[in-house]
Structures are given as C-alpha cells and as structure tokens.
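These are the residues of each chain, in order.
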Amino acid sequence: MTAQASVPTPAPATSPVRAPAPGPGLLVDVRAGKRAARIERIGERLVFVYTGLVFAFLFLPIVIVVVYSFNAGRHVTELTGFSSQWYTSAWSDRFLMNALRNSLTIAAITAVLATIMGTASALAMDRMWPRARALFELLTYVAIIVPGIVIGIATLIFIVTALDWLNPWLAFFTGGSSPDLGLGAGSVIAAHTLFTMAIVNVLVRTRMRGMDRSLIEASEDLYATPWRTFVQVTFPQLVPAIVAGALLAFTFSFDDFIIAFFTSGQDQTVPIYLFASIRRGVSPEVNAIATVLLAVTILAMVLAGVVYRRGQRRSGPSAAVAGDAAVAGVAMTTGDRG
Amino acid sequence: MTNRRDPDLRRDPEAIMRLAIARRLSRRHFLVAAGTGMGALALAACAPTPAGTAGTSAAPGGGGDLGDTLNLATWPNYHDQAVLDAFTASTGVAINVGVYGSTEEMEAKIRAGNSGIDVVVPSNYAIEGWVADSLIEPLDYAQLPNFKKADWNATFMDQAFDKGNTHSIPKNWGTTGIAYRSSKVTEEIKTWEQFFDLAGTTYEGKALIVDHQISSFGSAAVAMGYSLNTIDPTEMEAVEAMLTALKPKLFAISSDVQPPLRALDTWLSVAWTGDGVQVGRDNEDARYVVADDGGELWIDSYTVAADAPHKAAAYAFLDYILQPEQAAAETEFCLFPHANDKATELVAEDVRTNEVIYPPADKLAALEYAVNATYNSPERAEAWARIKASA
Amino acid sequence: MATASETAATDRAPRRGPAVLLALPTFLWYVGFLILPLVVLGVMSVGERSPNGGYTPAFTLDQYANLGSRITPLTNTLGLAALNTVICLLVAFPVAYVLALKVRGSWKLVLVALVIVPFWTSFLIRTYAWMTLLGSNGVPRILGWIGFGDIQLLNTPFAVSLGIVYNYLPLMVLPIYVSLERLDRSFLEASRDLGAGPIATLRQIVLPLAAPGILSGIVLVFIPIMGEYLIPILLGGGKTYFLGNALADLFLQSRNWPFGSALASVFVVGMVVLVAGYLAVSRRLVRAGRETSLV
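Protein sequence lines, in the order shown, are assigned to chains A, B and C. Every letter in the first sequence is one number past the one before it in the working numbering, and letter 237, counting from 1, is 237. Position in the second sequence (from 1) plus 1000 gives the number in the working numbering. Position in the third sequence (from 1) plus 2000 gives the number in the working numbering.
If you are wondering where the hints come from, they were derived from the structure by calculation, not from laboratory data. This list has only true hints and no planted wrong ones.
Taking CB as the label site, the calculated pair distances span: (1) B:1183 with C:2199: 55 to 61 Å; (2) C:2145 with A:303: 41 to 47 Å; (3) A:45 with B:1204: 42 to 48 Å.
Think of the CB as a built atom: it goes at the ideal place given N, C-alpha and C, for glycine as much as any other residue.
Construct the entire structure; sequences and hints are all you get.
Here it is, written out as structure tokens:
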C-alpha cells in the first residue's frame, strides 16, 4: 500500500491534516513518487498556460479598443493606418466635453463625500455595540450589492416625491426666490455617494483588521489623548486604504451608467453619452475616449499603488500589499457593473 | 469655402441658414466646422451646473429675463446644431439638449416631475395622456408671434390627439416602414405580410424588429390584416403567437436599427423614416419602403412641460425654431419631413423630391396614427412583455 | 495568524461614546438614500397604475398577485445567473490558485493588478468591443475562413454568458485569491510530505480553506448578475430577457410603476435575505477559526 493511496480524510475539527494511520503507509514508493512529481509538473505547466489564456481573454477587448482608437478608417472592418484624428474630433465634440465636465464634477464631489463618511463610519463601527455593528454591516453590504437599476429607479422616485413636498416649503420660506430643485447632478451625487461610501467603509475596515493594535495600545498606555492617538498612530496606518477608497469612489462614479441614467435629469454624463453613441452607430471617437480614460485611470492607480506601497513599508507587514490590492480590486469591480 | 469662424456669422442667423441650404455640406463636416467656430462661445455658455441652479452666461446680447439655459428633451440627430447655436448667439440662452431613444423615456422623466425639462418633443400617441395628466401646458400662442397657422400642412394639424393644437405644434412627421439591403435581399418587399414572412423563413437570423410595442406589434398586426391599433383580445393573441414564434429567428429586438443594417448584420428591418434615409445616403443598395398594406404614421411635436423652469426661454425658442427658415434647415439636417409647408418649399430640391422623406399622398393614405388608447393599453404592454420574455 | 488577535481586538470592550457619532452622517445617508427610497418603492407597490401610466395612490395587493406573469424572466435570470456563476467559479479558481500559491512575491501584485486593469476601461466600451468581436465582422468572419461559415455569435445566450463571465471574472478571482493567499504554505508541504497527490491536496486542504473566498465570490457575482440590464440588451439583442430588463421595461415602456415597484421590492427582499444569510455564515466561519472573507 503506497502512501498515495492512504491519504487520510481530514478530521471535522480545526486542523485539516492529520497524521496517517500507522503502518507501511509511511513507506514512499520511489517510482510512484517520481510519476506523481512528473504529473504534478505537467499539471502545473498546464495551469500556467491556462492562466495566460485567461489573461489574454481579459485583455482582448481592451487591445481592440486601443488599437482602433488609432485606426484611420471609420469602420472596424478595415485597419487602414495610424491616425489620431479621433482624439482631436472627440476633443471638439461639445456634447462630449459637456458630459465630461459633468462626470468629473460629480465624481470629484462623490469621492470627497464618500471618503469622509466612509472613513468616519469605519472608525465608528470599530467601537460600536455588536448589534449596531451587525446592522451597519448589513446596510453596508446591501448598499454595495443592490443592483444599480433598483437604486436608480428607487432614488428617482424618492427624490421627485421628496422634492414635490420640499419645493413649496422652500419657496414659502425664502419668499419664492429659491430655485426649484430638481433632478440633476445633485441626485446623481447622492446615489453614487451611497454606494461608494460603503466601499470606502469596507476598505478601511479591512485595513483596520490587519492593523497592528499594539501600537494603539502602547499609545494609550503612554497617556496620549484619543485624538492624538488617532492622528499619530491610527490615521497614518489607514491612509493607504483611504486613498485607495477615494480613487475607487471617483472611478466608480465616473464610470456608472445605470444609476446616472435614471437620476440625472437633463445632465449628461460620459457613460450616458457613450450609451447613446453606441446605440446610434458609434464613431470611433468612442474608442479614443475610452483609451484616454483608461490611461488616466492607470496613472491614478499606479499613483495610488506607490502611495500605498510607501505606507506599507512604514507601517505593517508587507505581505498583505497584494491582498489589500485584491480587496480594493473587488470593491472596484463591484461598482463597475455599468 | 466661407470661413466658418467669421464673427459676423455668429450674429447673423439668417446667413447661416442660407449657407446651410445653399451649401449642403455633409452633416458631419458642418457640425465640426460650426462646432470649432462656435465651440468656445457655446462651451462657455453651455455650462450646466448641479441641481439646475443658475450659472453665468458669457454670450453677448445678455440673458435678460429669458435666463441663460433652456432644457430640450428630444430625439437623436434631430436638430441642426447651427440653428441652435444661432439662437444661443442672439438671445444668450444656451440650449441643453437631452437625447432620448423613445417617447416612453421622455415620459418617465416628465411624469416623475422636477426633471428640469422645458421643451419636450413627444410622439403623437402620448400627447392625449400627457394632457389628461397635466404634464404639458396649453400653449400660450400670444408668446408665439411668428406662428402662422396657414403655413402648416393641414394633414398634420388639428388631429384627434390634440384638437386645435392647444398643446402641441408638429415638428417632424414620418412613417414606420421596411428598410432592407437589396444587395442581399433579392425580393422586392412591398408589404408587412411579406416582411414578416421573409423574416421567419428565407432571411432567418437577418431580420430586426424595433423594441417598440406600437411600431413592431402594430406592424405585425397590419401584416395579419388587423389595425395597427388593435386592442381586441383575440387579434392580439394571434399577433402575439406569431411574434413569439418569430422571435428566436430574429437577429434582435432592438431600436438601434442603423448599426446592424449598415454592417450587414441585418438585411431587413423595421425602421423609421430617418433611419431609412440616413442608411440610404451612405449605401447605394439600401431601400426604405412604406408598406402597401398599411402601417404607422407618426408626428413628433413641440410641447412645453407644465413644470418647466424656463418658460420664457421655451417660448422664445419655439417662436424661433418654428419659422420656416429654421424648419427648413432642420429638415435638411435630420432628413425627416417637416409639417410646415413653407419650410418644405424652402428645402433643397433633392430633399423635397426624395420619396423616402416625402412619400406621395396615396402611400400615406393607407397609414394610421397610433392612438393613446393603444399606447396606454395594459394588455398591449403585457403582450409585448410576454413576447420579449418568451424563450 | 492574525485571526485570534483580530477577533479578540474587535470583541474587547472599546471606549464607546463620541466616536460612535462619526457614523451618524453615514447612517443618515443610508436612511435618506437607501431605506427611504426602498420604502417609497414599497408604498408604490401597493398602488395602482394610472390609466395614462404612472402611479395612483391606493391600497391593493393586485400587483403582488400579478407577479406570476413575470415568472419566466425570473426563472430565466435565476438559471442563467446560477450557470454563469458556476462558469465564473470554474474559470476563476485556477487563476486565483496560480496567483496565490504558484507565483512569487513581487509578481503577485503585478498580476493582481493585471486582473483589474481591463476593468479600468468603461464597462460600456468593453461591451461594445465584444459586440464588434462577436458581430459578423469579428470572430465569425475568422471562423468562416477556417471553414465554420455562417455561425451567429452575437445576440445569442452564448454572447450574453460570455459578456457576463468576462465582466464578473475579477469579482470571483479576487476573493478566492485573498483567501488562498492567507493559506499557510506549511500545510501544503506537510500534505505533500505525507504523500498526498495534488488532487487530494486540492480537495482536502486547499478547497476547504478557500471556502470563505469562494462563498464571497459566489455572492458577489450571483446577486449583481440577477440585476443585469445592459449585457442582455447589448450582447443579447433584446432576445434574452432578464429580471433587470423586465424591471426597466415596466418603468420605461409599460409605465406601470406600481407593478414595477412590486417586482423591485420582491427582488430587494430576496437579495437582502441572501446577503443576511451570507453574513451569518461568514461570521460563523470566523468564529470557527477560519479566515474571514472581505467584510
């Protein structure tokens, strides 16, 4: 009986690996071992190739977009040569620039609000009664998971109902000189902040979990006030997560289509403009826009990575860098559902 | 070629119109040229600010009591940007154009309220319901001094959906017809019956119907010999059965008619006038046919939202855009026929004589307007949802 | 392992008080823009459709009674969501495994970033690129050259599944990666020393320890797919009808707000139940000493 055939089933308790039953099972058959090693090597190679294929799959559309943004021809059927005309014509498209301005404004304000409130709530959750924290956790998770279409519709209906009630009062109190509030960038910001604030919250809390508490305890033992402890010990450790959260909030808000579609009133954002373009038979300008956005985002993320890395070196174990990046990535792609 | 950056042009809307009509540059060319010239001005003037609060105007000639923004809810490629820019130049009111794919989408915003929309361009069948629910206001003709009823085509004025035009003034009208690429479709398609038959058999996987209950369900009803507007349960059941059986054989149910037709992903398609014309302009073999056995005739009209925040600007705009010169420029741009006869006279000859844009009267006789009862019929809506949900 | 001290740290009695107020703005925001809108949705769901579309205040359960008419999109969506979640899992797991366990330190960050980078292009643009790739001028044309002529790829359930798997892959890869990353390598070495083959090691050590990540990935992928709206339209040509499409159509086409609200309410309730269940299971896993997932 070779060792291979006698792998023990794991005990139901904590440790998944248990010593094998005593007996000749501990003798290793050399030939079987070599065969196993070879199978394992082939298997490993296959898995690596497979991973490479998956990455190729992930990048295929991106490559198409970038390549065709420089294509001189109009149609995707011909690759006629290098040209940057789509970039210049995109720049002179006033509707696009309008939408761009809206998107940037909305995303910036959303990022600021989400970062402040998300971080604040993460800090608060650390000190909450377990019941309250559980409730908050549920709210946070629901805010992240609720599909954009439900949020968009529900926010639209709620805001107009609320404004129907609010506007007459505003007019009453200000003697009729207040502007009639309506759907617009404000309602988009409200809905975007809801979601992104939850993401920042998750990121900061994850970071807090991995944080070295002993530093905080030491600071308290040394009679530092809570405020000083926060400013000099806690906050610096959280900065990478906060910065990552801010960038994610910005990117999500900029990229969102479905929520903006319902709540934006008359203001167009870039995704709304893109959607309309796609449906009408898009010009390759769209590819140019996408490439620029991609380049900007990559730059921002590289920047965030550098800041994050530096924060890591100063504060905690470095092994978690990739892990936290993964968490950030999850949060990001959760938002990027169109 | 005239320098589009000539500053005089910005202050002389008439000159622009004459130039547009006389030159007939490609739309794209003109857009870019006009855009570059007026870009700076328009960009500065057209600054939308959050929650619809007031911004600053950089245009000369001052906003005055018209304000500085106007929100227009309309269709894609429906307005000549040069015409809109000329309005902005002379009044200082920047026009914020919101583009919608369907009347239903416009209604979603208008009905929700507080949408900030001033002027909205719905299709005829929605107007009755909007009036009943006070979503649009009765037009104040006193503020439209340039409106001369006599100039307008009687076929499109004073219709059942808005008797006396109390709430709406037509902009463009058009038809729902069959667009096909004759290089791939060897038959000459003349009727809806033919269309639906071919879509399910010879050209399986190459046909498209629009995601619009009235146009698609209605045309299918016509193909089976019923009225476009039928809400009779037995008839609707038959149409539903036909469409449900057809659906797996279609290329798509989508209102984005042009991209697949241009790419030859679809060879035949339900389409609207403008689609037919635009594809036809770029492709020799594209045909647009008004069916012999009937079909939909529609009108898109200007209306003013009841809760419009910029009413004065709205009326100033309407007064301007409804004049024949502007109407003609718009027609030349979007290639949809205009309901103003004077405008039709001013339009370039090749547009006026284009039978796709201006079908002969006998072709129009077979067509019907979609009615509000059909638009709002829950049974029609459910039937359509069931078709879309079917396997 | 940080678990024990983490649990201890979060459960010890911290100083409560003013710090909790920090959560107030967030709480108000949740109430104002999450809870209240959902409440309004609920109220509308017991109303009636006005004859011209929209909402008339009323109290009737007719809308809920009528939900049966949307059973087809519901089962359709459930089925496709489940299928695509499984496909995602199968595609993602090996990638996460390789990244977490077979790749050295500095490469890890680069590769994880590479998984995310495609998602820094706009969602719409990515999907449009797929429309081009799967349209008649893309892959089908290439297939035609090698003899498989006349295959339609766009506007098929295949295209929709492809689009979904493509867009949700990172959401499945990353949580599994995070879980596997925290795996103690010595377990794997011990397993090999004890003679277990790679498959057995996988089945009995890796999978159980990756369970929180897998569970997390499943939840993060399944629920959003249920709400998908754009992919069925752009890649399915309107022929695949998801719950999200049914919902949008009720508000935009039928203009039947009460019925749409009823559908949305049921959807939200179902989803909250799923999420609460997931959080409960996740908390139990934490207490059992395994690593937590993301929240």
